[in-house]
Amino acid sequence: MIKPKFDELIHAPTRLSIVSLLAAAEWADFKFIRDSVGLSDSALSKQLTILDEAGYVEIRKGFVGKRPRTSARLTSVGRAAFEQHVAALREIVARAGASLLSP
Amino acid sequence: MNERLRPDEAARALTEIEQRQEQVIEVALTPAWFWWVNAGLMVGLSAAVESRRPLVIGIGTAVFVTGVLAATGRVVIGALRRAQLRNRLLPPVGVLAILAFVAAILAASLPTSFALDAAGVRYPATCGVLLGATVMAVGGPLLMRYLRRLMLAGRVGGQR
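Just so you know, the sequences run in chain order A and B. Going by our numbering, 68 is the number at position 68 of the first sequence; the sequence numbering is gapless. Going by our numbering, 109 is the number at position 109 of the second sequence; the sequence numbering is gapless.
Just so you know, these hints were derived from the structure itself, not from any lab. One thing to keep in mind: the hints can contain errors.
[As the list claims (entries may be wrong)] Computed list of lysine to any residue pairs in SDA-like fashion (alpha-carbon distance at most 20 Å, straight line): (1) A:Lys61 with A:Asp29; (2) A:Lys61 with B:Trp33; (3) A:Lys5 with B:Glu18.
Whole structure, please, built from the sequences with the hints as guidance.
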């Protein structure tokens with residue numbers, strides 16, 4: 001059972017998109033995240049740095065041939081925070097549904 | 001902020017989460033053309049082997065190997081360049097579906113080939129493989145649709 005916990009760091013619009021993408025992946029390429037979320041290189045770097053500093057993502061830099069390749073993945077801490085955040089969002093929606101149903 | 005977040009905003013956030021996760025799932029799915037290409041290559045190889053002419057067998061084998069490697073490479077490398085799907089998103093029933101798909105292709109082609117061979121039909125293996133290839137070309141996209149549904153249901157935020 002996941003304990004609902006609203007996470008302000010994750011809930012910021014662009015970070016929510018980034019973390020949601022990463023939650024479905026073992027890891028994701030920087031360009032894929034950038035194009036999927038529709039951010040510039042610098043904006044994505046900034047958001048990933050914030051998530052990295054919070055311990056939510058791990059950033060890997062490497063080379064494929066001579067080309068630099070950056071990828072990111074959610075850490076177990078980040079995944080747990082994301083799941084708790086989703087549970088908190090669901091709780092808010094469910095609570096509203098319950099209040100609508102009650103006379 | 002939790003206390004101030006309205007239910008409609010929370011619902012919108014959950015929709016955003018679902019859509020982003022769906023983007024990753026779509027990357028991992030094998031496109032329909034892959035099944036048709038492989039089905040065609042299988043039939044071509046069988047026909048080449050049953051021609052019993054060394055040159056045709058050689059060309060058929062080369063085309064088959066090159067084609068399978070190129071198609072698989074394109075699909076796998078294309079997906080890995082973007083994102084690697086989380087393994088846990090594919091439940092055991094999904095793995096069983098993949099195994100059943102492979103078994104269905106074999107079940108369609110092998111018995112048909114042996115039966116046609118016993119009946120003295122010309123090109124029995126090619127006819128059998130043609131049936132298996134049809135199962136692959138039609139069943140591949142159906143399998144992907146099924147796996148997509150399973151993975152969408154299994155994602156975080158996917159069961160509201």
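Verification of the supplied hints:
| no. | hint | in the structure |
| --- | --- | --- |
| 1 | A:Lys61 with A:Asp29 | holds, 10 Å |
| 2 | A:Lys61 with B:Trp33 | violated, 33 Å |
| 3 | A:Lys5 with B:Glu18 | holds, 19 Å |
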